[in-house]
Amino acid sequence: MGKILLITRPEHDTGTRYLSRWSERIIDEAKNKGVRIIDLHKEQASRKRFLGTLTKSNANLVVLNGHGDENTVSGHDLQIILMETDGPITNGKIIFARACRSAKILGPKLVANGTIVYLGYKEDFWFKYNNSDISRPLKDKTAALFLEPSNYLAISLLKMHSAGEANKKSQGLYRKSIERLLVEGPISEDYDNIRILFWNMINQVCIGREDATF
Amino acid sequence: MTEETKTQTEKNSEDIKELMIARLEVTSSEKSFSIGGGPNLTRDELIQHVRKGDEIGQKVTEIELTFLRALKDGTLLGQILDAGQGK
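Chains as they are written, first to last, in this note's numbering: chain C, -15 to 198; chain W, 2 to 88.
None of these hints come from the bench; they were simulated from the model. Backbone N, C-alpha and C fix where the C-beta goes; we use that ideal spot for every residue, glycine too. A portion of the hints provided could be inaccurate.
Said to hold, decoys possible - Just a few of them, taken from the derived set where beta-carbon distance is under 8 Å, the chain C residues facing chain W:
no., residue
1, Phe109
2, Trp110
3, Thr126
Okay, chain C solo, but in the shape it has when bound (with noise of 0.2 Å):
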């Protein structure tokens, strides 16, 4: 059986339509990789559609988008998707949650339930945009500094890197975000999200086994 990405993209706000259009660099490269894709977009981002796909796709890896607290994660319109009960149906998968919170407690009971690992965030994820770029969220450099370095997490895995390299990795990729605007130093108009860059870097964590690739 082939290798199937699971993502699903809410956009019922900014910032999943944020999350959701530079999701399309994570299905490009899924592509590219020959990677069999089902994406649950804006609608199809439900939690009956989520669990009744995720049961009978098999899929392999699945890359959540939207909000998200310490015990769920949700698709569109803020339904709940994913939740603690639902363990045994991600037995076996690799999950990236881009959500807030996730990792802190939801991550840690999936896996201790069977799912291979969890990668997400231990407490808010928060990226700036600029206003006037809202309507192409792919032009905004801004907000490339944040979603660049969180998206490479699940283009990493799709690479093959293990799930400990995928974070590292895109980790990396802060760090690089962080040093820049560093160089750049007080002119930058970035120059103050070092700290948020540093907030989402350290609490983007890595739960379950380090070594499993997708």
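With chain C fixed as given, assemble chain W onto it according to the hints.
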């Protein structure tokens, strides 16, 4: 906690809040914030949250203090360097 310590803690908290507001006021109003678990906020809306000291305001302060502590105790550089080990 003694009354004196409590007063000092409150003063420190107010000082940090004022510092945060002053720092945010010099950032560009042309950029907004997206918080994964919550709303999208303009700079001025974020300042209001800091002023009120609500959950979002406290989170902004926590991010700032995490950064400043790492800078002060020297772990910032170590953590940034460590982040590059996978490259």
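Legend entry - Hint validity - C/Phe109 Cβ closer than 8 Å to any chain W Cβ: holds, 4 Å
Legend entry - Restraint outcome when C/Trp110 is required to lie within 8 Å of chain W by C-beta distance: holds, 6 Å
Legend entry - Cut-off 8 Å, beta-carbon criterion: hint that C/Thr126 touches chain W: holds, 6 Å
Consistency note: the structure conflicts with none of the earlier hints.
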